[in-house]
Amino acid sequence: MKARGYLAVATEDDYAPFEMIKDGKPEGFTHDLVAELKKYASFQIKQDIMPWTGLLPSVLSGKYDAALTGAVVSTERLARFDFTPPVAIATHYTIFRSKDDSIKTIEDLDGKTLGVQAGSVALARLPELAEMLAKNGSKLGKVVEYTSNPEAYADLANGRLDYVVTAYAGAKMLTTQRSKVFRMGMAVSGPGYHAWPVPKESPELLAFLSDFIRHLRESGKLAELQQKWFGESMTDLPTEAITSVEQFKEMTRIK
1 MKARGYLAVA TEDDYAPFEM IKDGKPEGFT HDLVAELKKY ASFQIKQDIM
51 PWTGLLPSVL SGKYDAALTG AVVSTERLAR FDFTPPVAIA THYTIFRSKD
101 DSIKTIEDLD GKTLGVQAGS VALARLPELA EMLAKNGSKL GKVVEYTSNP
151 EAYADLANGR LDYVVTAYAG AKMLTTQRSK VFRMGMAVSG PGYHAWPVPK
201 ESPELLAFLS DFIRHLRESG KLAELQQKWF GESMTDLPTE AITSVEQFKE
251 MTRIK
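All residue numbers for the sequence shown refer to the UniProt record's numbering, where the first residue is 1 and numbers rise by one.
Where hints are given, some of them may not hold.
Below, a list of computed lysine-lysine pairs in the DSSO-like style, where the Cα atoms sit at most 30 Å apart [as the list claims (entries may be wrong)]:
| no. | residue 1 | residue 2 |
| --- | --- | --- |
| 1 | K104 | K172 |
| 2 | K172 | K221 |
| 3 | K180 | K228 |
It is worth saying that the hints were derived from the structure and are not from the lab.
Go ahead and model the full structure; you've got the sequences and the hints to work with.
This is the structure:
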């Protein structure tokens, strides 16, 4: 990085409140974090913005050094990536239609049709919800996978789904901004975290980005940006990088 004079990073284009395009310009929590990184680094930060589907493969291919995006840590991703200290919580929650009062408890999800983003950690962690339901003699209903969360939200609003499962920050933003259409339900996973993925072959880069995240935390800037974009500061996040499945399972209670 320092020798060549720049760091090449990739960021998603449509994952509010982390990343989004408004009036042709990028904004969001990650956009503000990258702006801080540009001040912190002694070299240039070259950033490309792209759809989620090609983002992590582009990092693995070597086109980019890291993905500075709202990625959720998972056991599958830890096979190829290490993660910086988390920047936000990513426990998964249900989203319902505001006027649908038929679902009040976990038991009410029995057999209901749900939507989830394809290839997401929300999809990978649905077995946790299935286990919650099984304890009460209930079962997971039909699972419909979508290319993006906004597509799932549209089908929920139109009555094609009974609920959607997604990470906390996105669920909170949607249900706050569109409270007449959607309401936030219950947590359906153990703890989860948003963090930046770095290839396992890049320990020096992981150390640099981890030091940057700690700098933001100690200066109060991380809490300030969390308050700006999530409406709350997240003070109980782990402070260390996440580098192994065993470490992650201990943090999240995943079996």
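Tell me the numbers of any earlier hints that the structure contravenes, in ascending order. Checked against the structure, no hint fails, so every one of them is satisfied.
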